[in-house]
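K.L.:
In case it helps, our numbering puts the first sequence at residues 1 to 863.
Misleading hints may appear alongside valid ones.
Dumping the calculated DSS-like pairs for lysine-lysine here, alpha-carbon to alpha-carbon at most 25 Å [what the hints assert, rightly or not]:
#1 K852 x K806
#2 K650 x K569
#3 K842 x K830
#4 K842 x K852
What follows is a list of derived Cβ distance ranges for each label pair [claimed, not checked]:
#5 A432 x P230: 28 to 34 Å
#6 G587 x R773: 27 to 33 Å
#7 L99 x F312: 23 to 29 Å
#8 D813 x D560: 35 to 41 Å
#9 D482 x R373: 22 to 28 Å
#10 A623 x T702: 19 to 25 Å
#11 H389 x A9: 26 to 32 Å
#12 D20 x R373: 42 to 48 Å
#13 Y505 x T823: 36 to 42 Å
Keep in mind that the hints were calculated from the coordinates and are not lab data. Where is the CB? At the ideal position from N, CA and C, for every residue including glycine.
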Amino acid sequence: MEATYDPSAIEQRWYDRWVDAGIFAPEYRPDGEPFCIVIPPPNVTGALHIGHALNHTIQDVLIRRKRMQGYAALWVPGTDHAGIATQNVVERELAVEGLDRHELGRDAFIEQVWAWKRRYGHRINEQIRRMGSSVDWSRERFTMDEGLSAAVREVFVRLYDEGLIYRGDRIINWCPRCHTALADIEVEHEDETGELVYIIYPFRDRPGGITVATTRAETMLGDTGVAVHPDDPRYDDAVGEILVLPLVGREIPVVADELVDPEFGTGAVKITPAHDPNDFEMGERHRLEPVTIMDEAAVITAEGPFEGLDRFVARDAVKGALRDSGALERVEEHIHAVGHCYRCRTVVEPYLSRQWFVKVRPLTEPAIEAVKRDQTRFVPKRWENSYFHWMENLRDWCISRQIWWGHRIPAWYCDECDETIVAVDQPRECMACGGGLLRQDPDVLDTWFSSALWPFSTLGWPEQTEDLSRFYPNTVMVTGFDIIYFWVARMMQMGIHFMGEVPFYDVAITGLVRDAEGRKMSKSLGNSIDPLAVAGEHGADPLRLALLQAASPGHDVPLDIEWVVAARKFGNKLWNGVRFGISNLDGRVPAGDGYPRDPAGANAWILSRLAETVTRFDELCEAYRFSDAFGLLYNFTWSEVFDWYVEMTKPLLRDPDHAGETRETLGVVLRDVLKLFHPAMPFLTEELWSELVGEGLLAGATWPAPPEVARPGHVDTLQDLVTGVRQFRASHGLSPRLELTMETVDAEGVIEPWWHEQVAALAGVTLRPGSPRGRGFTRIVAGPVQGFIGLEGLIDVDAERARIEKALAEHHDTLARAEAKLTNPGFTAKAPEAVVSKERAKADEARALIEKLRHQLDDLGGE
RNA sequence: GGGCCGUUAGCUCAGGGGGAGAGCGCUUCCCUGACACGGAAGAGGUCACUGGUUCAAAUCCAGUACGGCCCACCA
């Protein structure tokens with residue numbers, strides 16, 4: 001083995017062997033309890049970004065650990081067709097060649113997208129493999145594959161038949177660039193400074209008029225009324241009057257409506273039913289005709305001087321014309337939230353059109369209840385509040401999109417009788433009139449419609465497959481908080497509605513990986529760190545470990561490359577620690593769960609620590625606290641196994657009385673450390689396993705279950721003695737190579753023969769029973785043992801005195817604090833007995849230490 | 001406008017009524033036979049501020065300041 005860990009050399013050689021051994025399929029543990037995760041499907045056209053790397057690493061840790069624990073672990077991979085996003089990407093590509101999808105035609109365009117999918121779908125799978133994710137490729141799915149498309153149609157038809165899907169003319173959010181409707185949630189609001197324009201609408205039948213205020217002046221071309229609050233005294237006599245719309249000349253009524261906020265603007269609001277959701281509502285109430293004045297590209301269609309102008313150009317033009325005509329009262333600066341398309345950032349336009357909707361109320365109530373009853377639990381729990389709040393205020397979901405890439409809506413219209421037929425398969429003829437001229441609805445479904453079915457559609461639904469009955473509900477969903485609404489909430493709705501059970505028991509919410517400036521990393525921002533590049537430079541394993549250590553539950557992760565470097569250094573430490581083990585063992589370590597019987601001394605100590613660490617590590621993993629879990633393991637491995645235990649084995653391995661037990665213990669401890677780290681660093685640990693154990697594959701091995709071992713207290717004493725000598729050396733600048741002699745008083749007889757080799761190796765000191773006569777020595781206190789080192793010719797006595805006095809002062813402080821509490825009657829009377837006795841013990845300990853330090857000062861002599 | 005979260009060592013963050021913690025960074029010494037991608041020993045914090053509850057507050061409560069996030073149909 002090389003002396004240095006080289007990730008690139010070993011990360012190539014294990015993935016295929018894991019796959020070939022069938023380890024990633026749940027059939028690998030035929031009798032295991034099911035444990036299932038379905039991957040949040042990456043966008044098929046995208047590249048794996050650092051957020052995926054985090055998300056996938058967490059899932060892989062969950063899956064690999066459960067697999068080792070004997071579960072039938074299934075991680076379903078797959079990708080999402082990502083309607084608008086993918087269509088945009090392919091359209092951009094076509095634009096480079098001077099092409100436009102309309103020139104190409106629908107079928108040819110879709111074929112282009114499929115070609116794109118074939119290219120990039122492959123790439124993303126390669127990236128998932130490169131990161132070591134142990135997904136079951138035999139069950140890979142794509143949201144537009146045949147099975148999932150059938151599931152989508154089935155769901156649509158059933159919801160339609162139940163009256164939960166309907167088609168209607170409504171104001172929806174329209175993206176004039178993407179030329180499609182958007183759901184409410186797909187609109188991102190941002191505060192912008194705009195103008196509030198005050199326009200005077202004169203009365204037709206009397207002098208004067210009403211001033212209204214608007215941020216979108218151009219919409220006045222479509223006004224068909226003005227509303228005031230019914231209780232607003234300013235407008236008592238105006239309700240029922242007729243106004244004349246400036247520039248247009250349309251006669252419009254003044255109506256009273258509760259929706260109007262008398263506090264805002266002038267308390268009078270213009271009504272544009274075709275271009276504002278509130279106005280649409282009011283328009284319906286007061287029978288005001290909607291007048292559409294814009295087309296799908298947000299270009300003015302109203303006849304007159306503004307026809308053909310873009311909405312923003314028209315805004316200024318209308319304002320100018322109003323000013324010229326004297327109808328413009330004033331213009332104020334105004335900060336308000338403006339909606340943008342979440343895909344292309346274009347300002348969204350409220351637009352009246354005929355769309356398909358899901359009636360959400362009947363779906364949300366069970367989804368809320370399920371979380372309230374803990375059938376699905378969010379981790380961390382506080383995200384449940386956001387989930388509830390969103391669900392409770394949900395409006396019907398607009399699911400039709402005027403794009404080409406996606407699941408075509410399974411509705412057909414009869415040209416002869418106007419009948420609408422909704423069916424899973426294309427009907428041959430009209431069910432109403434028998435006519436054969438059927439046109440399928442040109443729209444496709446919102447991408448999130450198919451995503452909502454993912455937990456069961458990937459398992460074969462609507463077929464009643466074995467996988468479906470075995471792995472639904474999924475065990476856990478690992479996802480970012482940014483898509484709780486888009487995705488988690490809708491999976492809950494659809495899962496419960498169609499399966500009668502929640503889609504998953506736990507939702508583990510991950511934070512967002514941020515860049516150096518704290519910005520969210522995203523494809524659209526173009527600031528993504530490429531995890532593949534990092535994996536190439538430092539290794540996938542170090543990247544995985546770094547992400548795990550950085551990611552507390554629900555907390556954002558600012559990724560610093562230094563963390564990856566540190567994780568690689570840890571890999572190097574592990575590499576060399578195992579290398580040490582291999583060169584000192586006289587054979588291979590057994591793969592199973594064997595542990596040394598009745599270990600003693602250092603071996604008992606490390607085995608007891610191993611058992612404690614595994615227990616705690618398991619608890620932390622079950623709570624999804626991976627940062628803490630791997631922090632614990634990291635410290636145990638480095639500080640205890642390598643810095644202490646491995647050093648302690650060196651003399652023991654040379655001692656015939658201890659070599660056997662030590663070899664066995666060392667092998668077992670290293671073996672279990674590899675097992676524990678395997679979920680985080682699969683490649684490195686597998687490589688080391690092949691050297692240390694050389695039997696089977698670690699990925700398919702069993703999880704460690706070390707027996708509890710009583711912790712031998714006297715090993716602590718040995719460590720304290722060694723540390724005491726090291727501190728003494730360091731504080732006096734004594735060379736580590738300078739051999740020292742220490743006389744010891746061991747009243748309780750805890751010093752064992754093997755200690756002599758230990759202290760010689762670890763502290764460069766020779767032990768000799770006895771206590772010094774006279775003065776001029778330092779005293780090292782370790783548990784019941786006292787050690788004495790003669791100072792003559794070694795050190796500056798004044799420096800030593802200063803050091804002891806400093807320590808003395810600290811212990812005096814501790815004692816004073818403890819005594820203050822103990823003499824406080826309130827404390828002794830009200831504090832729990834355990835706390836009081838602990839405080840007494842603290843005081844006693846401080847007194848003892850003070851006494852010993854006073855002795856040390858005396859021991860120094862001088863003055 | 002409504003809601004959520006944060007403020008602890010230089011940095012990133014754990015912890016959580018009774019002795020201030022980790023990793024990285026920093027300082028000093030050491031290339032000792034696994035590892036210098038290393039070892040040993042250290043320095044460093046009125047736990048944002050103000051008040052309250054308590055025998056006891058970094059921890060609980062209220063408020064303040066600053067920072068971040070989410071939701072929203074004030075035209």
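K.L.:
Compare the structure with each hint and give your call.
P.N.:
Hint-by-hint comparison with the structure:
no.	hint	verdict
1	K852 x K806	holds (14 Å)
2	K650 x K569	holds (23 Å)
3	K842 x K830	holds (19 Å)
4	K842 x K852	holds (15 Å)
5	A432 x P230: 28 to 34 Å	violated (46 Å)
6	G587 x R773: 27 to 33 Å	violated (52 Å)
7	L99 x F312: 23 to 29 Å	holds (28 Å)
8	D813 x D560: 35 to 41 Å	holds (38 Å)
9	D482 x R373: 22 to 28 Å	holds (26 Å)
10	A623 x T702: 19 to 25 Å	holds (22 Å)
11	H389 x A9: 26 to 32 Å	violated (51 Å)
12	D20 x R373: 42 to 48 Å	holds (44 Å)
13	Y505 x T823: 36 to 42 Å	violated (54 Å)
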